[in-house]
Structure formats: structure tokens, C-alpha cells
Amino acid sequence: MELQINDQSVTVVAEADLPLLWVLRDLLGMTGTKFGCGMALCGACTVLVDGQAVRSCVLPVAQAAGKKITTIEGVGSTPVGAALQGAWQEINVVQCGYCQAGQIMSAAALLQVKPQPSDADIDAAMSGNICRCGTYTRIRTAIKQAATHVEQTK
Amino acid sequence: MSAVPDTFSVPKGVTRREFLQRLQAMGGLLLVADGLQIAKAADAPKYGAEGMPHGTVDNPLVFLTIGDDGWVTIIVHRSEMGQGVRTGMPLIVADELEADWAKVRVEQAPADEDKYGNQDTDGSRSTRHFLDPMRRCGAAARMMLEQAAALSWNVPVSEVRALNHEVQHQKTARKLSYATLAKRAAKLPVPTPSALRLKTSGEFRYVGKGGVPLIDGHDIVTGKAQYGIDPWFKDMCFAVIARSPVLGGSVREFNGEAAAAAPGVQKVLKMPAPVAKATFHPLAGIAVIANSTGAAIAARKLLKIQWDDGANGSYDSDAYRAALQESSRKPGKVVRESGNVDTAFKAAARTVEAEYYIPHIAHATMEPPCAAARIIAGKCEVWAPTQAPQVTREDVAKHLGFPMENVTIHVTLLGGGFGRKSKPDFAIEAAILSQAMDGRPVKVTWTREDDLHHDFLGTVSAEYLRAGVGVDGKVSAWLHRSVAPSLATIFAPSTNHEVGAELGMGFINMPYDIPNLRLENPEASAHCRIGWFRSVSNIPHAFAVQSFVAELAANANKDHRDYLLELIGPARKIDPNSLHDDWNHGESPQRYPVDTGRLRRVLETVTQEASWGKKFARGHGQGLAVHYSFLSYVAAVVEVDIDDEGRIMVPRVDVAFDCGPQVNPERIRSQLEGAVIMGISLAMFGEITFKNGRSQQDNFHQYRVTRMSEAPREIRVHLIPQSDWSMPLGGVGEPGVPPIAPALCNAVFAATGKRIRRLPIRDQAKRS
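In order, the protein sequence lines correspond to chains A and B.
Going by this note's numbering, the first residue of the first sequence is number 1, and it counts up by one from there.
Going by this note's numbering, the first residue of the second sequence is number 1, and it counts up by one from there.
Next comes chain B alone, as it looks inside the complex (with noise of 0.2 angstroms):
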């Protein structure tokens, strides 16, 4: 358990309990702080959604208006990035609704919780926890249009029926089109939630079918989609920082003279000092604002920065890396154990161990952070492509001193988010320097340097893993240690030991069916900025474990798939408790058990499309592995074909995916093509090191990402049909991730008997 033993800096208007929900809700965080728990003993538990704060509405007068014109608008309350959500959200609000798609458009929602429920696009959560609320937004609008038809023409509403953008009443073959209806409609009760009828998923026009383009496609193929990095006005002015180098560094002295002599330059100011907690904090450093970003960029270079560097001036990767190896090879905290290891040991026929590690990630968002800001009567304004709205303008607020009433933000489409877009330093930027200019607009970019020095970093892990193994191949004795430094330490820096949300991610959740088992978790502390990145902690874990498990078969003689299922044991539901993971992504245990059935079933599936057990010539081969996340099951086969160079190219990759029912399949599809894509990337060259305290990768050319020469030819995505309703959905966004990597590696040893266990992989598959 993670104790914040010390005061969090809670924004005006927001209450304590509020601002700690939050924090638990984003990070898991299990924050039992100076005596205010989150969840009295007392307190019933609550789960998904309404564990969020502000929970969820479902009011329909705030998510959807119907013009004279007929045309439905709806609101979207939670952040595009790519994840399909403005089409996904309104698709469900209109198929309740009858609405026509072709007459509904959509509007995006300012940071408002109070209004719109919880509005943290993170954790894979968007369609999870607002399918039901959205549902029940449409269908009150829906039943309150036919009763306005009904009284229009005098008849009980059970004799009149919305379809498809108007009200019928079929025994006088009359109509009356949603247009018509719109304002009487408005003025009537809004259904209670007893009262509602949901629609069958029979009657289901959009929900889990295919065929609906994407609500900002034109504008985005066009270049008339407006991105954080967008907005733009005739006075505004555009600025970049030279941040501290150094995590919890300063400036100690510094001249500006040059850079405020160059062309376009109109002002060099030097930002507020930093804070002991990073949080969302803005770093330490000189802002530079000009008439231009080219200008202020080419101005910044003319600064003269002297930095105190603070206390993680000597952080260094490779140093890092042997220290944690060196925890993961001695005994940590206990955080799981069921029968006796150590005697399994003892007793086994031979063990087998082995050491991965994975180093920490950047986002590399195409959109660097960046946002806009103006200040007008006392009222600021921002432009942000932020994931955590609320948490945006709270901190804007706090960093103006202003009233949060007097804080709009207006949420943009972002350039791509991957978690990084959940923490708006940026956005605080953009106000703290409009406020410098007297409210004038401000623009702030990131460069690619900006963005990849000062990232919150995904984790950076040692994982350690030892099996005791019969003379039948069976495993009877396991032991893993992951060892990482915790992304609570940007609220805590003292924290070290991975939070619950950590070890629920692949680690403590592991659901094989092993008599002994122990897993522990060293030590770790941090030296810079670590935070969620897509897929979290899964990513470390799926690849020690999904890696471990390939080596452990090939140790056996026995067949990848074959030995995998064996693990996994018979179809079984697990309540989350009994695996000691009290997190559960905020879900119940009851309603979301692990389900090894679901686990088997997408394996056997993606072994069947892919053709596993197919031959292959030298340097070509196929691996797998499988994963669970974000309650959702993913199972994955890579095909590699390897060059005398050890040059790698993945002809073919197949995914079979399990999230409950599916709301919009064709962006469900597009999420995982583009995670097995991320995954590619990261496991082939993604890595950020540091020196002196300082990352060390300034642009794409030292941090690779996969390109089109190299990303697979063909993605097949094989999605498990779910057609009950009832059954509670998974996420989307992030599940398709952490299997990448591991079945990739497992590709190479298939290919070239190499087993690569520290990624990135490079230049590995090479034959000596």
C-alpha cells in the first residue's frame, strides 16, 4: 500500500475527497493520506463508473439537442485521440435515439464535470463506463418525442413509435418528423430510469454494426481539423520553453539578451520555479515568445542558461539498469503467494530462470504537447488537447489564482494522446504566459526535443523470473519479481513499490493454474518523470511472462500454444480478490472475473487463423502470446522473416480479441491494428536513456519509430462475437498492445533460436 504521507496542493472548489478520488481513479493509487481515507470502512465499494469522480449523467437535455431543422446535435464529452470516440459516443446516443446518422453532428464538450460526469479519457474506459448512460440518454429523448406526438394527436403513446428520425402512428399512417417535435418534446418530464425502454440489441441501427464513417474525417483529410496545436487568432503570440534538463532542476542564472534581440522576439521570461512533487507541474525554465514559433525557436538557441540540476542530476540509465537487475535477483516485498515455492523448488525436476528488461518509453505523440491560452476580463480561455479536461482547468485555476468558474477549457481534437495528454503542464503553460503578456493569446509548442527530454515516461522494469519445472515439462513452482519505479512518485516522490494499478496490470492478476507461486516486488525510486503511457505496466509484464512462458515450452520440447493452454487450465471464472489484486481497474470482482475460458478462447482462435504449427524456411517464423488487460483478452501470432542482416520484417500479423460486446467493431479493428503497430515500434527500437540526468534522445532519428518500409503488410483482426448485451464490456484502446512484443521476440527465437530478453530489440535478431 502506498502511503502520500503529506499534503496534496487541492485546487479551489474541488474538494479533498474529490481530488484523491481522482488521483486513485488515474493512477490506482492506494492513498490512505493523513488520516482521510478514500473509501470508509463503512462505505459500500463503488465500482466502474460511478468510482469516478463526478460518476456519469444520462440526462438527455445535456447531451443532445434537436433543431427546427431537424438536425440532432450531440454533445461528446469525452476526448478524441484516435480512439474513434466522437463517432462511438454519438453512434450509441443516436441508434437509442432513431436518429438518422446522416442528420446528427456532434460538439465537443468544455471541461465541465459537474455538468457531463466523469471526463478522464484514460484507463480504457470511454464506451465501458458510458455505453449505459449514453443509451439512456437516447432512449428518454426517444420516448419523450413520442409523447409528444402522442398528445399532438390525442392517442396513447403505446399506439405511436419513433423510427428513424420521425414518430409514426400506424393505425392513421400519420407522421411527424423529430423536427417537428423537437421543441414540445423539451418541454415534457425526462423519463425516470424505471421507466425507460431500452431497445433490444435486435433493434440496433448503428450499435455493432459497421458502415458509419468518421465524424471528423472530412475535416481531417481536408485540413480543417482544429488540434490543440491549432487555434489561432490575428494578435497571438507563440512561445517555446527551455525546460530544466533535469527533473526537479532549476534555473540558477541566465541571459537573455541575445535571444530578445532576435527577429520576432518579444519577450524572455522565466517560468515559476518548480515544486517538490512534480505532479502536472510546469518545469523550471525561460520562456521565449515571439511573433512566430520558427522565430521563437530559433531564439531560444541564442539563450545562455546556467541550471542547478537538484537531485537527480547523476541519474543514468545504465547504472539504473544493473541496479535493478540487481533487486530483481534478491528477495522483495511479497505481494502474492499460494503454496510452498521455496519446497517446489527443491523438489522440481530442474528450474529455469531468466532476466528481462524493458526500458522506459516516450510517447511520441505526432501532436507534441502544446495549447493555447487568452485572458479576457478577469476570464481565461484554453485550447488543449487534453485527456483529463477537469483536472485542466482545476490546475489552470490554481496556477492563475483564479475561480474555476472563471476557466474555460475548450477541449480540441488531440494529436494523438497515448496517456501523455492526461497531464496538462502544457496547458498550464499556455495560461501562466498569456497571464505574463496581459491575457494577450499565447500559443505554446513542444519541439520533438521538448517532448522526448521531458516526457512522463513510461516505467522503465527489471523482471525476474524463476520456474520450477517436472520431469513432465509442468510447472510446479513460480517466482517473478518485477522491479520499477512507480508513476505515484510524480504525487509521491518517496513511493517505491509499484501502486495497486501497477501490480493489477499483468503482474499480480496472473490467472495460471500453478500450485506454487510468489511474486515480488523490489524496490525502485525515480529520477524522472514516469506516467501512464498506453497499456501501462502490461507492457513489462506481458513481455517477462509471455517471453518466460515461450522459453519455459521450448525448455519442455513442447509446443508454444500446447504448453500455453496447460498453464491457463481449464476454463474457470477467478474472482480478482482471491489473486491478492484488490484494483481490478476499478471494476467489481464480481461483475469482471478473470475468465481463463474467454483467455483460452482467444488463443485457440488466433493459433487457428494464423495456421500455428504452419513450417517455415530458416529466418522465418511465427510467435505468440496472449494477454489479459483492461478486462479485455487479446492473443496474438507474429510471422517474422529475417534477413542474413538480422534486418526484421513481419509479413503478417494476426490478433484475436475478446471485449465483451462490441459497439463500434470498425474503430475496435483500427485500434488494434494500431496497437500491433505501437507494439512493433516500441519492442524493435523504442527506448529513452538517460545521462547526467538527461534524456538522451533528441528527435526521431535517436528515437525510432516504425515506419511504412516496416510496418507489417497485413494485420488480420479477429474479433470473438459477443452478442449478449448484458455482459459487461472490456476496454479497446490499450489491451492490444501488450502481447505485441513478446509474441515478436517469441517470432525471432522461432526463426533464429535467439531469445531476446532486453528490448529494444535493434540490431539483436542479427546472427553472429
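One chain only, chain A, in its complex shape (with noise of 0.2 angstroms):
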């Protein structure tokens, strides 16, 4: 089956209801995407599918076919993305840094629908990415860093 992933077409031959997950990090060998609980309840492997964030580890890769998947290798490509991850790191935001392609997946798609989040905004956003080094106060600080940084630059 086609999929873009990253702006790039790629051919995968794949079972339909295998997670999209394991078809990016173990047929494709792309492993910036993270596995984390397989139930959606941590967001380690989150993605973009057609900009919303999406848990991958749940996701059938036929219901992604066709749509237009971003992860955490391509989403520096974008503006958002880019501020994100700089922003990150000017923070020093993280620690083991395992669910923070997950983290910044879920703040990228929050600052394409909500440019200048509340902190509620960042809750409701966020609160589905588990960190177990608890970086939540320095994340909530990147996010609002970018999304300003973004605001400048536009």
C-alpha cells in the first residue's frame, strides 16, 4: 500500500489492520516515533494524520493510506515545527527525552489550531503525553516560547 509520510510516497507491504506504529519503525525503520503503552494512553508515538495528532500505536495503517502523515523526523519542516524544536532546546526541556517526539507531535498540532494556547488550551492539548522524567513545567514554557517565537516571525 502507498502511504506519504513527510511529504515522500513510500510503498509498504503490510497487514491492513497492523498499527501504524510498528509499519514506521519496524517495516520502514523509521524510529523517531516511539512506542510507549499501545493503548493511546501515553502519546510517545504520536503522529500527524492530515494535521491532527493521532496515537499511532492504535491506528490501522490502512486508515492512513491515502492521508498525509507527518512525524517527528519531518515536522521540523514547518514553522511550527522548527520553533518547537528549537525552542525545546533552548529550554533544555528534556531529560531522557523518549516521550518528547510525542510531546512536540501534540504541540505541533495545537499551535496550527490554537496559535497563542491558554494554559487550558496547553491541558487539554497535552495531558494525553505521558513524561515519567517530569519535564511538564518546561514543556508548558516551550510551548508558549514557540508559539511567540512563530508569532514574531510571521
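Hints were generated in silico from the structure; no laboratory data involved.
The calculated lysine to any residue pairs, modelled on SDA-like cross-linking and capped at a C-alpha distance of 25 angstroms, are:
| no. | chain 1 | residue 1 | chain 2 | residue 2 |
| --- | --- | --- | --- | --- |
| 1 | A | Lys144 | B | Ser709 |
| 2 | B | Lys754 | B | Gly619 |
| 3 | A | Lys144 | B | Arg716 |
| 4 | B | Lys379 | B | Thr408 |
| 5 | B | Lys301 | A | Gln63 |
| 6 | B | Lys234 | A | Glu73 |
| 7 | B | Lys346 | B | Ile568 |
| 8 | B | Lys304 | B | Glu257 |
| 9 | B | Lys224 | A | Gln145 |
| 10 | B | Lys103 | A | Ile91 |
| 11 | B | Lys267 | A | Val12 |
| 12 | B | Lys175 | B | Glu203 |
| 13 | B | Lys224 | A | Gly51 |
| 14 | B | Lys224 | A | Thr141 |
| 15 | B | Lys224 | A | Val10 |
| 16 | B | Lys474 | B | His580 |
| 17 | B | Lys346 | B | Val469 |
| 18 | B | Lys46 | B | Ser726 |
| 19 | B | Lys766 | A | Ala124 |
| 20 | B | Lys224 | A | Val49 |
| 21 | B | Lys183 | B | Leu163 |
| 22 | B | Lys224 | A | Gln52 |
| 23 | B | Lys573 | B | Arg598 |
| 24 | A | Lys144 | B | Glu710 |
| 25 | B | Lys224 | B | Gly211 |
| 26 | B | Lys398 | B | Ala377 |
| 27 | B | Lys187 | B | Arg105 |
| 28 | B | Lys224 | A | Ser9 |
| 29 | B | Lys224 | A | Val12 |
| 30 | A | Lys114 | B | Ser709 |
| 31 | B | Lys301 | B | Glu253 |
| 32 | A | Lys144 | B | Gly210 |
To spell it out: a stretch of chain A is covered by chain B in this simulated footprint if at least three of its residues, at any positions, have a beta carbon under 8 angstroms from a beta carbon of chain B; those stretches are:
| no. | stretch |
| --- | --- |
| 33 | 21–28 |
| 34 | 34–44 |
| 35 | 69–77 |
| 36 | 82–90 |
| 37 | 96–105 |
| 38 | 118–129 |
| 39 | 133–143 |
Built from N, CA and C at the ideal position, the CB exists for glycine as well.
Since each chain comes alone in its own frame, lean on the hints to assemble the complex.
See the structure below:
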């Protein structure tokens, strides 16, 4: 089947119900998207499908066919994605870093619809992403900083 | 003292003494095994890094190279799991080297303790043990570069000076870059330790300063960073394992036909039988190997397995809790006693008593246990997110029957460790499965269910405290019983008391100024795998002691802060041996006394910074706790805002921290911020329970952790400045966690009048 990943067309042979996560990670070797729970409970596997944050661990690959898939490897080519990655580094958000790809993807989806998110917006958009190291306060700061940066460079 | 009566299986190529030494260092186990004592009476005791297997190495030729292009490559031999060691260690070397951080890159060492020194990344030890060796590495290389420049110019070395990636001769205004000097410098003799000129702290360029970006920051946020779950080869196959749900259980019979016929499945096979001692041995089970992890997970559901549960099949958390609490109400092994407690209780104006319960907790690293392995021509390579590279190497070699030199452990980034990844069962599994697949690369991934069902859990604990109090509210008698199954049980299943490292975590070494005191440790047995969880036994001990002191203050109608300061007593340096703590985190009691002055200072600092004592509306309040662990001093004030439904919000947490001199203050702050959130998470939700020997929590819906909306809005970290670099370092990764749960529960009490004595809190703050 044909997938559109980070603006590239990719052909894969996979069972229709295989979660997109494993297509990315195991069949294509795109390991930036992480496995955390397999039940859409932790957000580590978040990717964008047609701009929406989706948990790829529960999305059958067939449902992503024909749609625009963006992963952590590609999100930096958008202004919002680049601003988030920049802010994440300036604030030294990460500890172990494992959940941060998913965090950034959820934040990217948020900033697309709420360019200047409130704390409540951030809570709503980001509470599906678990960070066991406890970087939440810095993530909140980084999202706001990235939002400001995008606004200023428009 | 915990005796280990029978034989450990010692890996090939490892001396028995070395093996026992590592176990001792890892668990603080006081091992006296069949006549072989670790430290003979005649030996001078070894402390700190020198007490660890393979000690330290400070040879610059091992740890750094300088290329023709001027790039400095620094080897990091400790594992990165979010604590910042891959930035912190090179920063020390680069500083002494006078290197420009922009021209420094980092390489991760494989497992090889003969070459690099000890690699066990646990116990909050990396910076504490390797600051000095890494400084010596950098300084030696700097002096070799200076020597090379002096030889090139034919001037006395005293006239030249290394500065920011070049060596200068001021008299003649000449300069030579490190790139130019590197080759010549590398051939010069390495200066002896006594000849080394270390920088003064005033000369530090990076150490103790801010502004150093994380070495892996860019790779992490762009998805390029390599964790243990990320190695990928074209011919790789992917495995999951159905493991015995009960510790010590085995496969009675199984039918794997349906699984083997499922899409993508390449092989279904039985894992090796269990052994009597859990150690780090893989659990019994059936592996499913497929062309993707997703296919393997789907096929695993089709396995039909009948398990023999073995001796732990009746483990039940409700019954076990009742039994632990019953034990805590009766006298047990006395581990410390002073004065005459019984007489003092009789004379006391009144007594106060309380019982606390702290459940099993799971690490739940965001990257579950996982590893990849392949075998080519009798040589095995493993990629593993391991905190214990050398142990992983030894264990993989043992299980494969390979000599250790034919096993290479590539240490990847760890997607969280917290002590779980000190136990390399997952890496052994990958190696065994690669061997079964004729050496093909195999990646083993634990699902979240696997992780929560088969963790080496934080222990479960019942704590009983009783105090005799005078009319003035002062404590005249103190009885504390701690009952918990020991982590030593994975090595010696019959262990039934807390071992030195557990007692020495905030129980036996409690430094309060109380004249009559008795500490007891009744027996407990283990029925699941118990292991190190970040902060380890400090979590239950600090929760009990710090909650109880708050109860005593309330009972005496005194301010909690003032009461605590009085209980701590005047500033003094206490010999840990005088507290019957002969472990002391493996450190010298002379170098590392318990300093109540520093304990007082963090308490005074945090209460001042948090405006302790300010008035709050109903449902709102502050709680306080202080704790000494891993040779560092921490105090926390947690502020809560509790609604009518009992939902607890945390607007703000203040933490004061004294770990001695601070190498990378930015990462110290981040560790403490993380410890606050993990501490809240554990206190609010953390509990693994057992029924019929099986863990009852499957995934994050049943093992809740704190999320963004529940996290504190603000965390203020107040680092106590220590500018004297001759002062020994304390640990950083772990000490932040223990005071959080009691401070939170003390805040709930302040806000609602409800005293929480059993963790987790869940909905206990709801108004009845």
C-alpha cells in the first residue's frame, strides 16, 4: 500500500490492521516515533495525520493510506515544528527525551489550531502525553516560547 | 547482617570477589558468603569509587582524542537516562582541558570496566565518583598539549599556557591550535597524578556555570537519537515474550500452533527454565518472533499456555499488607537503640502513634525494557539501554556460553532508567533469541503490560511509629519499626530483613536529637521481584518519618517548621557509625558525616522562599518535609489547592537542595523538577497490587502517572551555593524524590484536616 510520509510517497507491504507505529518503526526503520503503551494512553507514538495528532500505536495502517502523515523526522520542515524544536533546545526541556517526539507532535497539532494557547489549552492538548521524567513545567514554557516565536517571525 | 548461604553463579572471567563486590556496591548487601568475605579485617576499607568494582580510570588516552580537525572526542562511560551525564562528564573534561565546548563531541563507551573503570550507573554516583578522575583526565591532556607546544617552540613549559582550544606563548605572541599539537602531545608521557596542575575553581569555564546545551538535545527533538528500542537492520526480526505471570513460575505446557500460523510470525519458542534465585535471569515463557513487533504482539494473544505458578501463586496484596502491618505492631530485630525507650515511654506525658503503608511501585520507564542482539561468527553484539553495562556483558556471556571478550555491549540512550535498567534480563533475552535465530538480529520489546507485570518493583512497606512526648511537646522516646521485603531477595531468596543499604536509607541513620530511641526491623519475605527504584527505601522511610513528625507538631500545637528544627537539634556532624549505619552509601564516614547544620539550612531556606506560615483559605495549604539521602540534603514545601471533590491541584512546589559543589547546576535543577513530579505521581497514584501471584495493573489506565494537567504549575528549585570544591559531592538523581510524598500529604492535612497514612492518596482528600 502507498503512504505519504513527510511529503514522500512510500510503498509498504503490511497487514491492513497492523498499527501505523510498527509500519514506521519496524518495516520502514523510521524509529523517531516511539512505542510507550500500545493503547493510546501515553502519547509517545503521536504523529500527525492530515494535521491531527493521532496515536499511531492504535491506528491501523490502512486508515492512514492516502492521508498526509507527518512524523518527528519531518515536522521540523514546518515553521511551527521548527519553532518547537528550537524552543525545546533553548529551554533544555528534555531529560531522557524518549517521550519528547510525541510531546512535540502533540504541541505542533495544538499550535496549528491555537497559535497562542492558554494554560487550559495546553492542559487539554498535552495531557495525553506522559513524561515519566517530569518535564511538564518546561514543556509548558517551551510551547509558549515557540508560539511567541512563530507569531514574531510571521 | 544478611548472609548468603549458598553459591552464586559467577560469570566466566569474573573473579568471585569482584562479583560479590559488585553486588555489595549495588545493593549494599552485607555479604559473608561461605567463608569468602569481601573485605578482610586486615584490608583497609575502600570507599567511594575505589570501593566499586574496577574503581576509576583517569587516563586521558582512554577518555579523549583530538583530531586533526581540532574536534575533541570525549568518551562517556556512564549511561545517559535523563540525568545529563553525557553532558556533565564531558563538561568536566573539557573544562580542565581548556577545550572550546563548540568543538567537543561525545562518544558512548561500550561495556569494558577494565578499560574505563566502574560503569554501574546507579546510586546517584556518576558525578560524585568521577568528578576527580575526569578532572585529572582533562588536566593531564592539557599539560601534554602545553608540553608539545613548548617543545615546538623550544621554550620552557612554564612560559606557555593552554587557553580555549589553543596553546599560547605570551612573550612571543605565538599560538598553536590543539589540532596542530594533538599528534605530538599524544606521544608524550601522561603526567603523574602528583605532577598534575588542576584548575582553581575560579578558572572554571563550564563547571558550575550555566549555558551549556545538552549534548543530545538536537538529536532528541528531531527524532535521530538512538535509544535501546531503536537499532534497526534490514534482516532484523522482532520478538515479544509471554512470561510467567508469577515469580518462579514455569511453562507446564503450551500450544503455539495458532501463533506460529499468524501473519508475519517466524518462530515460536520456549525460553530457558527459571532458576531458584531471580537475579537478573530472564523469566520463563514463550517467545514469538515475527517480522514486526506489532505482528508478534498480535500473535502472542493466540498462544495457549498452562503455567505452573510455583511457590508465589498465592501472593495477595491485601493479605500481605495485613500481615506486614501485624508484624509492625510487634517487636522485631533491634537495629539501633540508645537510652532507655521503655522507661521513657512510661515517664512520658503522653504517647502518639501512627501506622503508614507504602505499596509496591513500578518504574514505568517510558521506554519499556528492550534490547537488540546479533551474533556473527561467534561474536555477539547487544544494543541495550542498560544502567549496568559490565553486568550485562557478564550475564550475556554466561547465558550464551561465550567468553566475555566475544560479547560487545553497545550502550544506547536510555528512555528512562530509575533503577529498572540496572537489571539486564531484557538484554539476555535478546541475546538468547538471536542465538536461537542462528545469529540474526533480534529486537525484544516489552509491552507496557509486560513491564507492569514483571518489573523489579519498589518494595512494599509497613511503618509503625510511636513517640513519647513531654508536657512541652518535646519527644523523649521514639520507636520506629520498618517492615519490608528486601531487594536482596533476588540474590538470596531467604533474606528476611532489610539489608544495610535499605536500613541506611533514612531509617537507621535518622539524625534527630532524641535521647531514647529504638529502631526495629521485623521479618518480611518476598513474593515478587524487588529491586532498586529511584531513591529506594528512602521513599517509605521518609514518608513515615516526615508524616509522623508533622503529626507530632500538630499534636503539640506547634508550627511544623519550628518543631522540625527543634527535633533536628543544633548543627553538628554525626558519625554515621554512631547511628549504626555502617553502609553510608559506600562512602567514608569521615568525609561524609551526617551534617545537621546542612539539614537545618535547607529547611530554613525552603520555608523562607515559600513564605512558610502564610495564611490560606479552606481547601488550600502548604506542607513541609526534609530528608537526607545519597549524601545530599533536601527540603520541600508543597502547596495544594483541593476542590470539593477532593481533586488535588499543586500550584507550586519549592525545593531547597544542598549536594555540595554543583558541576552542572542546570541539570541539577531539572533533576529536582523531575523528582518533584515523580514524587507527586507516586504519592497520588503509584501502586502495583497482586492477586493470585499476579500483578493486577496492565497499563497506564490502571497504573496512573501524573499528567500535564495534574503537574505543579510552578517548581522553584533553590540550590544552596557551595563554592568550596574540596567539599565532597552528594548525589543528585535520587534525593529529590523522598520528601515529596510526605510534604504533599502534610499539605493535604493543612488544607483539609485529613491525615493520609496510606499511599497512594487517590481520592483520600475528598471531604467526607
